[in-house]
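Asks: Here is what each chain is made of, one letter per residue.
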Amino acid sequence: MPSNRPFASRAERRREHGRHTVRSAFLTVVQVLAYCLFVVVLAYVLGFAVFLVAP
Amino acid sequence: MWPRLRIDDVRSVVNALGAVVTAIACAMLIPLAVALACREWVPAFDFLISFGLSLLVGSLMRLVHPRNRDLTRVQALVVTGLAWVAASLVAAVPFTISGLNATPLDAFFDAISCYTGTGITMIQNLGHLPLSFGIWRMIMLIIGAQGIVLVALGLGTISKFSGAGALFEAEGHQDRLAPRITTTYRFIALFMGSFVLIGTAACSLVCFAFCGMELPRALYHGFSLATAAVTTAGISVMDVGVAYYQQPLLNAVLMCLMFTGAFSFAVYLYMARKGPREFFRDIETRMILVWGLIVLVLLAVAFSQDGRFGDAGTFLDRGLFNLVSAVTGTGFCTLTSSQLIGVASSGVLFSLIMAMAMGAATSSTAGGIKAIRVAIVLKSIANEVRRVLLPSTAREAIRYYHLGEQVLTPELSRNAMLVFLLFLLTYMSGVIIGVLNGFEPLDAMLESVSCTNNCGITAGMIGPGLDPALKLFYLLQMLAGRLEFVALMATATSITVSVVRGAGDSPVGRKVAASVPARISRSWTGRRGGR
Numbered sequence: 112m113p114s115n116r117p118f119a120s121r122a123e124r125r126r127e128h129g130r131h132t133v134r135s136a137f138l139t140v141v142q143v144l145a146y147c148l149f150v151v152v153l154a155y156v157l158g159f160a161v162f163l164v165a166p
Numbered sequence: 110m111w112p113r114l115r116i117d118d119v120r121s122v123v124n125a126l127g128a129v130v131t132a133i134a135c136a137m138l139i140p141l142a143v144a145l146a147c148r149e150w151v152p153a154f155d156f157l158i159s160f161g162l163s164l165l166v167g168s169l170m171r172l173v174h175p176r177n178r179d180l181t182r183v184q185a186l187v188v189t190g191l192a193w194v195a196a197s198l199v200a201a202v203p204f205t206i207s208g209l210n211a212t213p214l215d216a217f218f219d220a221i222s223c224y225t226g227t228g229i230t231m232i233q234n235l236g237h238l239p240l241s242f243g244i245w246r247m248i249m250l251i252i253g254a255q256g257i258v259l260v261a262l263g264l265g266t267i268s269k270f271s272g273a274g275a276l277f278e279a280e281g282h283q284d285r286l287a288p289r290i291t292t293t294y295r296f297i298a299l300f301m302g303s304f305v306l307i308g309t310a311a312c313s314l315v316c317f318a319f320c321g322m323e324l325p326r327a328l329y330h331g332f333s334l335a336t337a338a339v340t341t342a343g344i345s346v347m348d349v350g351v352a353y354y355q356q357p358l359l360n361a362v363l364m365c366l367m368f369t370g371a372f373s374f375a376v377y378l379y380m381a382r383k384g385p386r387e388f389f390r391d392i393e394t395r396m397i398l399v400w401g402l403i404v405l406v407l408l409a410v411a412f413s414q415d416g417r418f419g420d421a422g423t424f425l426d427r428g429l430f431n432l433v434s435a436v437t438g439t440g441f442c443t444l445t446s447s448q449l450i451g452v453a454s455s456g457v458l459f460s461l462i463m464a465m466a467m468g469a470a471t472s473s474t475a476g477g478i479k480a481i482r483v484a485i486v487l488k489s490i491a492n493e494v495r496r497v498l499l500p501s502t503a504r505e506a507i508r509y510y511h512l513g514e515q516v517l518t519p520e521l522s523r524n525a526m527l528v529f530l531l532f533l534l535t536y537m538s539g540v541i542i543g544v545l546n547g548f549e550p551l552d553a554m555l556e557s558v559s560c561t562n563n564c565g566i567t568a569g570m571i572g573p574g575l576d577p578a579l580k581l582f583y584l585l586q587m588l589a590g591r592l593e594f595v596a597l598m599a600t601a602t603s604i605t606v607s608v609v610r611g612a613g614d615s616p617v618g619r620k621v622a623a624s625v626p627a628r629i630s631r632s633w634t635g636r637r638g639g640r
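In order, the protein sequence lines correspond to chains A and B. Count the first sequence with the numbering used here and you get residues 112 to 166, in order. Count the second sequence with the numbering used here and you get residues 110 to 640, in order.
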């Protein structure tokens, strides 16, 4: 989270906010990729299972 | 009474379009630099001519000064509709000059196809395309995926005071990710850039390690594949598409990238603010996954009954990949057109059509009906059934989860049903026109749904030899699928009425213009606009 320290200068707060934004955006990108990978793996597993039981 | 465009409106529209043309001209500097770096002198000359011509036209258009800097909603609609046509005309110039496309209409078709992320091409012998042209196609994909007007707004070529909100909505962006449009643009660019970068690294590695390519070639193929997957365009640098690589690991990487482009970027931003659980809580994500599961069962049954693709390995390699490509609206296909028409059963074709029919999420890079509209329509139907069963005095708010808890209002429900119906009518009109031109009904349906949803899986009917009238029809379908349907119809109506009845300052025209929801953004003097 951006700094709540008293007496932090405006520039310091902005820098910290910027760092926080980049960090959370990077984390989100990693999370989204992980979720999409999970969906793909699930699709393979389900696809295989459905194909085996399909008439 | 239909509102007509006045001279002032035309001036504002021409000025804003000039900004878009200038932005596209500037984007041509990238392929020009690539051509010079790779010593492709002839393509470099083509891009230089196109750049000069576009810059000249754009600058001339910018000389037409509007009386007011703010755009009205009607002007914004017209700008958005025409911006895509103008940008495509400009982007088609190098293709026409180089002779890569047989006719200017083919070049225009290719440009629209790239911008809308459809991915159907009229260029033959893609494998021998100069590198600069390959890069230019990828740049068009990236610009189109973000939205041409949004890119112009983000880069500042269109003033941020110029009715940015209306331009933003008219381009089909449903959710504003941040209070400021420029910040929204930065978020979209940041997410897309990250996915393309990571995707390029992964695809290049697979091409280099498993496909026996040299590093520069692997990087080019990796970048092209990753861009085409994240922008859900499905364009390939080879004629046979991704079937060229024959690499299951690459298919898995591409499936992952296709999903990143198909889910909502607004949800990604919401995740960044509220936490990772928001991803699977969202109604759109759930709708896409449920729809995917339904068509997966359909395709599995179709494949298992078809003796020619009868084993599980073929199903996972050929079936599942194409299914994900169709659900995400990408259009990569490991089956060639002749295999789709001649070998695959009608059940397989039907499953792919069903998979394409819904489209992906709002605020994604894909076109089509969009998952949230389908979810709202289904919720509305369920609500109607429940209302009949409940006592007449019962009142209950219907809620759904999309970027937080939302209430399903009758207006939302009506809008979703209207767009849903318009898409169905467009699909049907495409089928009728295709059948009248001698296509098989199922093939005509595949082409129609594929073009309208900007998917790009084709039965091979669309090609350089296609009748020009049909090319124009599919071109319109692609535009209708990418832009807001109602916005596009409003643009067409506005222009037609103005041309037929004449623009100008007639008393009626003034009266009607005054009744239009006037200035939408605060002018920079702080006064709410309006004449």
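Just so you know, these hints were derived from the structure itself, not from any lab. All of these numbers come straight from a predicted model, not from anything done at the bench. A portion of the hints provided could be inaccurate.
Pair ranges (Cβ atoms, derived) [as the list claims (entries may be wrong)]:
1) B/PRO500 <-> A/VAL141: 16 to 26 Å
2) A/TYR155 <-> B/LEU551: 46 to 56 Å
3) B/VAL544 <-> A/HIS128: 27 to 37 Å
4) B/ALA491 <-> A/SER120: 34 to 44 Å
5) B/ALA298 <-> A/ARG124: 23 to 33 Å
6) A/LEU148 <-> B/VAL544: 20 to 30 Å
7) A/ARG125 <-> B/PHE154: 22 to 32 Å
8) B/GLY451 <-> A/HIS128: 32 to 42 Å
Just a sample of chain A residues kept apart from chain B, beta carbon distances all over 12 Å, derived [to be verified]:
9) GLU123
10) ARG124
11) ARG125
12) ARG126
13) GLU127
14) ARG134
15) THR139
16) GLY158
Built from N, CA and C at the ideal position, the CB exists for glycine as well.
Asks: Let me make sure I understand: some of the numbered hints might not hold for this structure. Which ones are they, in numerical order?
Replies: Hints 1, 2, 3, 4, 6, 7, 8, 14, 15 and 16 are the ones this structure does not satisfy, whereas the remaining hints hold.
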